[in-house]
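Chains E and W, in that order, give the protein sequences.
Numbering of the first sequence is given in UniProt numbering, commencing with residue 1 and proceeding in unit increments.
Numbering of the second sequence is given in UniProt numbering, commencing with residue 1 and proceeding in unit increments.
The hints are simulated quantities; they were obtained by calculation from the structure and are not laboratory data.
A quick note: this is a predicted structure, and the numbers were derived from the prediction, not measured.
Treat the hints loosely; a few may be bogus.
[Unchecked claim] Chain E side only, calculated, beta carbon under 7 Å to chain W, not exhaustive: (1) F13; (2) P28; (3) F37; (4) F38; (5) L72; (6) L92; (7) S114; (8) T249; (9) V274; (10) L285; (11) R288.
Note that the Cβ used here is the ideal one computed from N, Cα and C, for glycine as well.
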Amino acid sequence: MLPHRSRLAVLVFLTPPLLLYGVAVLLPIVQSLVLSFFSWDGLSDMEFVGLANYTRMLTGDAVFWRAFGNALGYLAICLVLQVGGALVVASLLASLRRGREVIKTLYLLPAVISTVAIAFLFQRIYSIDPAGLLNQALAAVGLGGWQRPWLSDVHTVLAAVSAPEGWRFVGLYTIIIYAALLAVPRELEEAARLDGASSWQVFAHIRFPYIRPVFATTTIMAATYALRGFDIPYLLTNGGPGQSSELITTYMYKTAFTSTDYGYASTISVFIVVECLVAVGLILLVLRRKAHR
Amino acid sequence: MTTYAPAKAPARAGGRPHKPRRPSRRPPSPARLASRVLVGALVVVQVYPLVWLFLTSLRTERDFAGGNPFALPTSLTFDNYARAFGHGHLGRNILNSLIVTMGANVLIVLCGMMGAYALQVLGFRFSRVVRALFLVGIVVPVQIALVPLFVDYTRVGLLDTYPSMILPLAGFALPMSVYLFSSFFEYIPREVYEAASLDGAGPYRIFARITLPMSVNTVVTVVMVNSIFIWNDFIFANTFVLSEDLKTIPLGLQNYIGAMGKTDWTATFAAVCVTVTPLLLIFLVLNRAMIYGLERGASKG
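Taking the hints into account, I'd like the entire structure generated from these sequences.
Set out below in structure tokens:
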């Protein structure tokens, strides 16, 4: 800290960031909390309804629960693809001798592309008429019977809208976990190997415990991003067919800007925040407890 | 790592007999070979869709409609690019995206630096409270701000303007920027500041003459990481922008989807390629800085 600091200087430096942050982030959060207790369509007067929005959401809204279930499925698929995938790929990368930098860059490529472009891309990949990349690939390996319109089949649509999101960020999480793996002391691994530990044992007892904090951060990032996932499902299917790929975020968006039910939409968005906080808490709990076992 | 690989000789059925050559050229063990194949397969999965995108943008429409997606284009054409620019407002969209990206980045870098300077270098009694406040913005999803911002913008007449996109984009990116800058400021030795103070420099002078010039690398990282997200932002633009003149690239791309599903796919993919290319080039040139930033950012979170 500076020897000659003044209260004025702190204020001068702190005011612009706090102003921006307050106007764009903090104030809207508070407003959302307030709005969630009102019924309002944006035109007529706001009407205080107490907890009515919350009881409607939790007890009377089948679509909401459907969307919640879908969001959990979406979360599960994204987590497996991103965190699980990243762990595997990062371990593989660490065992390579050459080309790591190039491969890291290539894995990160999809993260550079906009969700709208990705939605276009996957719309073509999943299409059946004319047969898209996926259906052609299935036919080519003799699984032609599995061909289907992935985005309009109610059984596959949720997985189909989740996979692009998982695919997009695998590289990002791979790079983070890979960086952590590099920091594992080599002597520990070598010693374990000399004692006859298998590759799996080295991974489970040395590498993984060592990277656990980073793994927790990565899981939290992936989980909160998956819970707020919106663009790709919204663009690919807009929640359809029916509600088979409706997520809480897309449902909230439609409630707000199609049905202009601002109060209820705010209630749902408060739920999204709570959901994220609970997820973070659970992940920390699980990963911390394991660490202290 | 390298010492255990040759322990098991690869048992190959019909291959050439295994002759030990120079130690460094020994054939890889099956496990190592399998992991190489897997890494290679994953590269294909990550990259092939993008290659396909570029190839499609060069195909003729007939080739695209009837052709096998795995085949190379029978003839290359740049017509799609001409149509991409002729059809929509692609130029206008690119300009809008540039304005929004630059505006938001200026705010993110300046405010992030100032905030980190106040927190890390100046220090004050309630700095932990402010840090905790910034943490809120990392955890809270952006969707919560959509309805209130829409309502507020309508009231103050900001709806459908550049700032309507720039403000929330910068606001939600600010916490990460503050954390990245303060973790960098930690590494500037105290002695530098003490020496400057002894020479009579005040906090503003020190910020302008020492902290700012030393942070160039961190600025590049912060700008790179954020530019990707801002350039590609869909949700804020889609919510707050109504007029054609202000649409950014992600919104503009949607114009290519024709009515009743009759879409000019090859032109759409050409447009996608045009809009992706600048980002991709910058990314390939500067990906070191960015990967570094991602790693640092994540280990801070």
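Identify every previously stated hint that the structure contradicts and give their numbers, smallest first.
-> 3, 4, 5, 9, 10 and 11
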